[in-house]
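Trainee: Each chain, written out:
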Amino acid sequence: MNAHAPLPRPETGCEIRQERGQRAVFCGLTGIVWLHRKIQDAFFLVVGSRTCAHLIQSAAGVMIFAEPRFATAIIDERDLAGLADANEELDRVVRRLIERRPDIRLLFLVGSCPSEVIKLDLAQAARRLTRTFHPEVRVLSYSGSGIETTFTQGEDACLAALVPEMSRAAASAAPSLLVVGALADVVEDQFARLFADLGLAEVAFLPARRAGQLPAIGANTRILLAQPFLAETARVLEARGATRIAAPFPLGAEGTTGWLKAAADAFDVPAERFERVTAPGRARAAVALDLHRERLEGRRVFLFPDSQLELPLARFLSREMGAALVEVGTPYLHRQHLAPELALLPAGTRIVEGQDLDAQMDRCRAAQPDLTVCGLGLANPLEAEGLATKWSIELLFTPVQGYDQAGDLAELFARPLKRRARLEV
Amino acid sequence: MQLTLWTYEGPPHIGAMRIATAMRGLHYVLHAPQGDTYADLLFTMIERRDARPPVTYTTFLASDLGGDTAAIFQEAVSEAYARFRPEAMIVGASCTAELIQDDPGGLARALDLPIPVVPLELPAYQKKENWGASETFYRLVRALAGGEPTPRAERRPLCNLLGPTALGFRHRDDLAEIVTLLASLGIDVNVVAPLGATPADLGRLGAADFNVVLYPEIARAAALHLQKAFGQPFVETVPIGVRATIRFVEEVAAAAGVDPAPVLEGHGSRLPWYSRSVDSTYLTDKRVFIFGDATHALAAARVAAGELGFRVVGLGTYAREFAREVRAEAALHGIEATITDDYLDVEAAIQAAQPELVLGTQMERHIAKRLGLPCAVISAPVHVQDFPARRSPQMGFEGANVLFDTWVHPLMMGLEEHLLGMFREDAEFHAEAAPSHLGRSAPTLPDEAPSRTPVVPASETGFPSPDPLRGPASPAEGGGKSAAASSAWAPDAEKELKKIPFFVRGKARANTERFARERALPLITLETLYDAKAHYGR
Numbered sequence: 001m002n003a004h005a006p007l008p009r010p011e012t013g014c015e016i017r018q019e020r021g022q023r024a025v026f027c028g029l030t031g032i033v034w035l036h037r038k039i040q041d042a043f044f045l046v047v048g049s050r051t052c053a054h055l056i057q058s059a060a061g062v063m064i065f066a067e068p069r070f071a072t073a074i075i076d077e078r079d080l081a082g083l084a085d086a087n088e089e090l091d092r093v094v095r096r097l098i099e100r101r102p103d104i105r106l107l108f109l110v111g112s113c114p115s116e117v118i119k120l121d122l123a124q125a126a127r128r129l130t131r132t133f134h135p136e137v138r139v140l141s142y143s144g145s146g147i148e149t150t151f152t153q154g155e156d157a158c159l160a161a162l163v164p165e166m167s168r169a170a171a172s173a174a175p176s177l178l179v180v181g182a183l184a185d186v187v188e189d190q191f192a193r194l195f196a197d198l199g200l201a202e203v204a205f206l207p208a209r210r211a212g213q214l215p216a217i218g219a220n221t222r223i224l225l226a227q228p229f230l231a232e233t234a235r236v237l238e239a240r241g242a243t244r245i246a247a248p249f250p251l252g253a254e255g256t257t258g259w260l261k262a263a264a265d266a267f268d269v270p271a272e273r274f275e276r277v278t279a280p281g282r283a284r285a286a287v288a289l290d291l292h293r294e295r296l297e298g299r300r301v302f303l304f305p306d307s308q309l310e311l312p313l314a315r316f317l318s319r320e321m322g323a324a325l326v327e328v329g330t331p332y333l334h335r336q337h338l339a340p341e342l343a344l345l346p347a348g349t350r351i352v353e354g355q356d357l358d359a360q361m362d363r364c365r366a367a368q369p370d371l372t373v374c375g376l377g378l379a380n381p382l383e384a385e386g387l388a389t390k391w392s393i394e395l396l397f398t399p400v401q402g403y404d405q406a407g408d409l410a411e412l413f414a415r416p417l418k419r420r421a422r423l424e425v
Numbered sequence: 001m002q003l004t005l006w007t008y009e010g011p012p013h014i015g016a017m018r019i020a021t022a023m024r025g026l027h028y029v030l031h032a033p034q035g036d037t038y039a040d041l042l043f044t045m046i047e048r049r050d051a052r053p054p055v056t057y058t059t060f061l062a063s064d065l066g067g068d069t070a071a072i073f074q075e076a077v078s079e080a081y082a083r084f085r086p087e088a089m090i091v092g093a094s095c096t097a098e099l100i101q102d103d104p105g106g107l108a109r110a111l112d113l114p115i116p117v118v119p120l121e122l123p124a125y126q127k128k129e130n131w132g133a134s135e136t137f138y139r140l141v142r143a144l145a146g147g148e149p150t151p152r153a154e155r156r157p158l159c160n161l162l163g164p165t166a167l168g169f170r171h172r173d174d175l176a177e178i179v180t181l182l183a184s185l186g187i188d189v190n191v192v193a194p195l196g197a198t199p200a201d202l203g204r205l206g207a208a209d210f211n212v213v214l215y216p217e218i219a220r221a222a223a224l225h226l227q228k229a230f231g232q233p234f235v236e237t238v239p240i241g242v243r244a245t246i247r248f249v250e251e252v253a254a255a256a257g258v259d260p261a262p263v264l265e266g267h268g269s270r271l272p273w274y275s276r277s278v279d280s281t282y283l284t285d286k287r288v289f290i291f292g293d294a295t296h297a298l299a300a301a302r303v304a305a306g307e308l309g310f311r312v313v314g315l316g317t318y319a320r321e322f323a324r325e326v327r328a329e330a331a332l333h334g335i336e337a338t339i340t341d342d343y344l345d346v347e348a349a350i351q352a353a354q355p356e357l358v359l360g361t362q363m364e365r366h367i368a369k370r371l372g373l374p375c376a377v378i379s380a381p382v383h384v385q386d387f388p389a390r391r392s393p394q395m396g397f398e399g400a401n402v403l404f405d406t407w408v409h410p411l412m413m414g415l416e417e418h419l420l421g422m423f424r425e426d427a428e429f430h431a432e433a434a435p436s437h438l439g440r441s442a443p444t445l446p447d448e449a450p451s452r453t454p455v456v457p458a459s460e461t462g463f464p465s466p467d468p469l470r471g472p473a474s475p476a477e478g479g480g481k482s483a484a485a486s487s488a489w490a491p492d493a494e495k496e497l498k499k500i501p502f503f504v505r506g507k508a509r510a511n512t513e514r515f516a517r518e519r520a521l522p523l524i525t526l527e528t529l530y531d532a533k534a535h536y537g538r
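First to last, the protein sequences are chains B and R.
With the first letter of the first sequence counted as 1, position 192 gets the number 192 in the numbering used here; the numbers rise by one all the way through.
With the first letter of the second sequence counted as 1, position 405 gets the number 405 in the numbering used here; the numbers rise by one all the way through.
Hints were generated in silico from the structure; no laboratory data involved.
From a predicted model like this one, the values you see are computed outputs, not experimental measurements.
Some clues are possibly wrong.
[To be verified] Subject to a maximum C-alpha distance of 20 Å in a straight line, what follows is the list of computed SDA-like cross-link-like pairs (lysine to any residue):
no., chain 1, residue 1, chain 2, residue 2
1, R, Lys127, B, Arg78
2, B, Lys119, R, Asp64
3, B, Lys119, R, Gln2
4, B, Lys390, R, Ile46
5, B, Lys119, R, Ala62
6, B, Lys119, R, Leu65
With the rest of the complex left out, here is chain B (with noise of 0.2 Å):
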């Protein structure tokens, strides 16, 4: 609807404008999908409509079925009548829940567009239920409303709720590293083994795997975002004192090199060590990489915005893969977290910040690009207009972080190209 005008962006090399109008995204309750699965004792109640269910329940089923850890309090007339009945109706929905499910230590109510609009206060009802269920089940909130939230920043939300959980480390505390973003578990002990390896004595990382386990922070504590969009988890965390550690992200194995050496440089890893440590995993990736290179170079790539990892995706498939880059797109941009991938990208790279749908499809198809990074919901439209497409949700299912996935991660983008190659009907 209302493109601005680009904003030129010397200190990058990058051309990055914004766009307002109509979006195709998730939005921040997607992340259930994942989150649910990442801290195993949690369970996530969102609180809202139908339509929330459906679409939980509509995310998760193309790739997963029924799961047990999250639900819906869907929110009915009689609740919109008033809200000391919603409020009410909540801590009786909640109570049953914590009955039959006695294995919950951490309960999120998770905000949704209708309880935002009706203004449900959520953390209030939070900490109302703490009191009430307090030792056994600790309660949060968060939203992952449409209207606050885009796919990924539930995720962002959901971390930045469990930071004021996290103890005080002493002022003496030995420096510590703690790595922010939920990986998969292989990747989290691929990485933990590292950071072993490099001599990095205290290293912890957010989300913790069980509710229980959330590490203490202090002003001797170092963050390491393991995901690009972090902005609000980041800033509680500096705001307890910690530091950020500047770092592209470890995606592909240039991306996972230069996380690393931000790590072992802010603990004073000696480069003899910091190249003796990596070198093994470089010379895999190298290996790995090299089987889909073929497949990829040269070839030019769309993203549509999805869930910001578009930045650090982009600049992997064109420094490692030799891809070329019609258009990148992402829904928010934070130009301070993403400053060391924008440096990293080519010179003159198109960024698009936000959307409009139908203006990008229109440039997507103008463009004729070899390989198109989309939603779900334009995927299978654009494949039957003759463009090869990756469906981006599944980067975030797939472990694709590390040296030891940079393979899979090149392998995502070239399956399509090898399909389409291999179809002869």
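Since chain B is already given, all that's left is putting chain R on it; use the hints.
Mentor: Frame of chain B; chain R shown alone:
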């Protein structure tokens, strides 16, 4: 507030999308926040549609709420009209936009577009998907229907087919089947709607002699309106099953004034003969539990009892609008209907009914899998599996053949397992071999647990529990042989139990334990086993 994980139906605006997406030349402008765009993937991924649904979402943000969301809506309507040039538009709000009360109908009217714009009032906190589809179709028909029949002498009889939508359970295949059937009767189809119809097509609905309602959930309201406004009678018999199809043929033939006999004589459905074939004897009195939308659940009950010789031990629907009809059908089978949209209630009803076959939705398929029961899917909510590449109608004579195959197949697989059990002492077959029809991850034979409780804790099966409230089964309920029973099994009775075919063994165990419990017998002996058998009979 209602606690739920699975909903059988989406919100009512999803129903409106099913109408809009089914039609051509119609555009839907939906006042909704950005997350609501997930609905596109229902159509592009589950149904594998090759185009985006014709829906423009306003995708307003929290920051817009203080400003002018009404202006955002009007801008979206203007731009959608300019870009897509539809013949007609529908406009409305999703759950969130309903709360901000922007009046999409009034705002769109103020734009004075040169096309019909039909406002939709779909109360998101009261109503659900099927109601939304029905209401949308009715509003469109009411706004756009026109035309009148030409003199009958000059043409063949003409009818409209009402009800098939996008994302419907086998609507695509049912439609092809029914169009062929009508053609064989010498009846022409004037308009099929909403699937494939344009707003202009709705404008000539009145030219037909009568209407055929394929899915009452979607099209009854529209047909009633057409009856009133155009004097068109309608046929509402749902042609699922051989007998219902015969009745359908008779009714449409009567409405059209043609002779049904040639079609009925040559229908050639294999179901009657397959059902009479002696190998089907084992189907007699198979206990079947049925749950789905009203159209499919009602039809399934009639087919199961009258055409396959099953015993209907459970019947229910999530479509409360049709509760009366489902209750009446249940009464014919001597049972109480399960009317609920809470799948936990459905699961409890299935466990209580102890069926040998479940006919349900994808949700019941999950429940059945957990309980180790054979299952076939008969109804929406749809899943990508419900859009098979081959033609697979539920309706008409070919549809009856499909029903026979899909419902009997899971049982036949079960019979295969029985044979496996008979040869269990052979080296190739042993008691630990999982039933092949339950997939690789199936944990154990169903007889290893009382049939009322899940076979093993879900976490051990590799299959996630569909129940957010139950959680991991406690040691007392998960896989324990007689947790609920106070009686112990004597070794000889236990051994005898193993000789009973596996597919009735779970029930035999449960019945015997109940028999012993009711009589406070401390030990289940061989005699107890056979006393219980005689008591419960079969």
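Trainee: Each hint should be assessed against the structure and marked as holding or not.
Mentor: Against the structure, the hints:
no. : hint               : result
1   : R:Lys127 - B:Arg78 : holds (13 Å)
2   : B:Lys119 - R:Asp64 : holds (16 Å)
3   : B:Lys119 - R:Gln2  : holds (19 Å)
4   : B:Lys390 - R:Ile46 : holds (17 Å)
5   : B:Lys119 - R:Ala62 : holds (12 Å)
6   : B:Lys119 - R:Leu65 : holds (13 Å)
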